[in-house]
Amino acid sequence: MELKEKQKKILDVAVELFKEKGYMGSSVRDLATKLNIKAASLYAHIRSKEEILEWICFGIAQDFFEKLQEVKNTPINPKEKLNLFLDKHLSVVLQNRDVTHIYSNEWKHLEERLPEFVELRKNYQQEVESLISEIYKAENWELKSPSFTTRFILHTLNNSYFWFKRSSDSTDEITDEIRNKILFGLLGNQK
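Going by numbering that gives the first Met the number 0, the first residue of the sequence shown is number 0, and it counts up by one from there.
What the hints contain is simulated information worked out from the structure, not anything from laboratory work. Do not rely on the hints blindly, as some may be mistaken.
[To be verified] Below, simulated DSS-like cross-link-like pairs (lysine-lysine); rule was C-alpha separation at most 27 Å, straight line:
(1) K78 to K143
(2) K33 to K20
(3) K121 to K143
(4) K121 to K66
(5) K180 to K143
(6) K66 to K107
(7) K121 to K180
(8) K33 to K3
All values derive from a computational prediction rather than experimental measurement.
Produce the complete structure using the sequences and hints provided.
Take a look at the structure:
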């Protein structure tokens, strides 16, 4: 999805607004006010407030899929592949904290494209589950519930932005901490 320069500015301001007031608590008038333009002028650049939510949700979903494909296409051993997946997914989350917050919490307000987005999320989860299952199989680890394990990992990764203040922890420190916690929980005392 290629946005024009003015649409990128609208998106940036909308992310701030949606993070602050929530999608449902934000109006086109609020957005126009923050952009210092008339609400009617905004419609020259967007179809609706929902279109902005689509940009957010589908945009970051595309980033997640791209990183997952990088992981899948990297010829490394299974344990390293799991590490790489955690790093890549977290890099998207931590570089886009506010967008990830909206993606994780506001996607249910999509109307027109909700079924498409639900299917996209389901496909991502299935691809991650397949990757995790392959890793477990290659390492001869027991995996009792691939679906639960996948949901647990994705929930942990997607909500990691809640746990750390932007100014006090570096992305590398956060990534290392989360990776160690997930791997310790998954693999016991192996590292």
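The hints, checked one at a time:
With a C-alpha separation of about 18 Å, the suggested pairing of K78 with K143 holds against the 27 Å cut-off. Distance restraint check for K33 and K20: the Cα-Cα separation of roughly 13 Å lies within the 27 Å cut-off, and the hinted pair is therefore satisfied. In summary, the hint linking K121 to K143 is supported, as the alpha carbons are separated by about 20 Å, within the 27 Å threshold. At roughly 16 Å between alpha-carbon atoms, K121 and K66 fall within 27 Å of each other, so this suggested pair holds.
Proposed proximity of K180 and K143 is supported: the alpha carbons are some 19 Å apart, at most 27 Å. A threshold of 27 Å between alpha carbons decides the hint, and for K66 with K107 the separation of about 24 Å falls inside it, so the pair holds. Among the hinted pairs, K121 with K180 is consistent with the structure: their alpha-carbon atoms are about 25 Å apart, no more than 27 Å. In summary, the hint linking K33 to K3 is supported, as the alpha carbons are separated by about 19 Å, within the 27 Å threshold.
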